[in-house]
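Using the hints provided, position chain B relative to the given structure of chain A.
Going down the list, the protein sequences come from chains A and B.
With our numbering applied, the first sequence covers 1 to 210.
With our numbering applied, the second sequence covers 1 to 210.
Where hints are given, some of them may not hold.
Same chains, same label: a pair holds when it works inside one copy or across any pair of copies.
[To be verified] Computed cross-link-like contacts, DMTMM-like style, restricted to lysine to aspartate or glutamate with a CA-CA straight-line distance of at most 20 Å:
no. : residue 1 : residue 2
1   : 24        : 168
2   : 79        : 143
3   : 53        : 138
4   : 71        : 166
5   : 24        : 148
6   : 43        : 6
In case anyone wonders, no lab produced these hints; they're calculated from the structure.
There are 2 protein chains.
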Amino acid sequence: MKIVKEAEVRKQEILVAARELFIKKGYEQTSINDILKIVGIAKGTFYYYFTSKREVLEAIILDIVEEGARKAEKILKDKSIPLVNRIMMAIMAQAPEFEGSDKIKEELHKVENAKLERLYLRAMLKRMTPVLQEPVLEGIDRDIFHMEYPTECIESILLLGHMMFDCDAFQWKMEDYPRKIQAFLCNAERMLGTKEGELKEFIQMFGQLE
Amino acid sequence: MKIVKEAEVRKQEILVAARELFIKKGYEQTSINDILKIVGIAKGTFYYYFTSKREVLEAIILDIVEEGARKAEKILKDKSIPLVNRIMMAIMAQAPEFEGSDKIKEELHKVENAKLERLYLRAMLKRMTPVLQEPVLEGIDRDIFHMEYPTECIESILLLGHMMFDCDAFQWKMEDYPRKIQAFLCNAERMLGTKEGELKEFIQMFGQLE
Chain A
1 MKIVKEAEVR KQEILVAARE LFIKKGYEQT SINDILKIVG IAKGTFYYYF
51 TSKREVLEAI ILDIVEEGAR KAEKILKDKS IPLVNRIMMA IMAQAPEFEG
101 SDKIKEELHK VENAKLERLY LRAMLKRMTP VLQEPVLEGI DRDIFHMEYP
151 TECIESILLL GHMMFDCDAF QWKMEDYPRK IQAFLCNAER MLGTKEGELK
201 EFIQMFGQLE
Chain B
1 MKIVKEAEVR KQEILVAARE LFIKKGYEQT SINDILKIVG IAKGTFYYYF
51 TSKREVLEAI ILDIVEEGAR KAEKILKDKS IPLVNRIMMA IMAQAPEFEG
101 SDKIKEELHK VENAKLERLY LRAMLKRMTP VLQEPVLEGI DRDIFHMEYP
151 TECIESILLL GHMMFDCDAF QWKMEDYPRK IQAFLCNAER MLGTKEGELK
201 EFIQMFGQLE
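Bound conformation, chain A alone (with noise of 0.2 Å):
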């Protein structure tokens, strides 16, 4: 018992240190003795975990999806906000945009890696979408919601924010963004089913950024 959580715990390092090189140093630039130096363990070690450096990142890209997850339930606890607001608050919190995260978001969204943002986009729904189910199904309960395929428009509103905003599918310029975020909310307001401006409040914030 004792030996797994060691074996645990050692990983755990060896993905703090690497993700600490890439964000620093580009995932490029950094070397697999780039991270065996600052672990302070042998080449075996490291090989013992992982078989390559491009799995280590792929290990660090699931541990962002379950960063998001985490922050999107505490987020989604709180039951001083609004339900809708809630869920909406949710969805946005967690993408990945912690503090140097863009080095390694950058990373995943060079074209040469779009293997590793197909990896994020079906961790992340796969892991986002039971989140969101049941204050979903409880804004159903209370009539707030209105929808027959609760499931899918999680799913939808989860696939669009990410392809829209965090994967740039559009490539929109930086000015269309106030409208493009105000057209999405709108779009999931319609979606689950709110009472038209339920999210109006939440929606205005946005417009204020332009």
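Chain B alone, transformed into the frame defined by chain A:
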């Protein structure tokens, strides 16, 4: 003028031959020499038009987007179909499903080729959004659709349709599809702001697949 036309014809010959080879033999198994033999040109001539086999595949993908857009435009002209059905049929028809496309689609969807998929998605969104603009604005004029953000509504429907049904973002099982298609049409209806059930008959067609 004549020379320009001939260059365009030659380029098309290369694309037609390459597409046939990619479908028959697979992309990896096709060499530039295979293409040269069929078109009957020298290597230098090939490199006048393309820098690599990959570039040929990229050009084929842009052709596929163009073919899809033309199919959609044709359907949209058929005024005998109710407007909202016509729009959804156009969206479905533009997805690459033509004969022999399976091999190219397979190539497009291999995780290693996520870059190509991104290329397809961006080109498709750019080409298809204006195609659908006209019928959607017509629907607003005729009081069939009600929305504040027509462009963003079209973008969202195109994006969802592609990610869900052409690119397997969710890795759904075969038996999930009838429900997923129905949910997609229902969400599209809501974003377009039609009368609830405007697409009912259309949606039921997919129910019968269950």
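Check residue 24 against residue 148 for me: Cα-Cα at most 20 Å, and say if that holds within a copy, between copies, both or neither.
Intra 47 Å, inter 44 Å, cutoff 20 Å: neither.
Using 20 Å as the alpha carbon limit, work out where residue 79 and residue 143 are close: within a copy, between copies, both or neither.
Close inside one copy (17 Å), not across copies (39 Å); limit 20 Å.
Same-copy or cross-copy closeness of residue 24 to residue 168 [CA-CA at most 20 Å]
Neither: 24 Å inside a chain and 34 Å across chains, both beyond 20 Å.
Identical-chain pair category, residue 53 with residue 138, by Cα at 20 Å:
Classified as neither: same-chain Cα gap 43 Å, cross-chain 53 Å, threshold 20 Å.
Reference check for the pair residue 43 and residue 6, CA-CA at most 20 Å: within, between, both, or neither?
Close inside one copy (18 Å), not across copies (59 Å); limit 20 Å.
Quick one: residue 71 to residue 166, C-alpha cut-off 20 Å, is that within a copy, between copies, both, or neither?
within (16 Å within a copy, 31 Å between copies)
When the structure is compared with the earlier hints, violations turn up for hints 1, 3, 5 and for no others.
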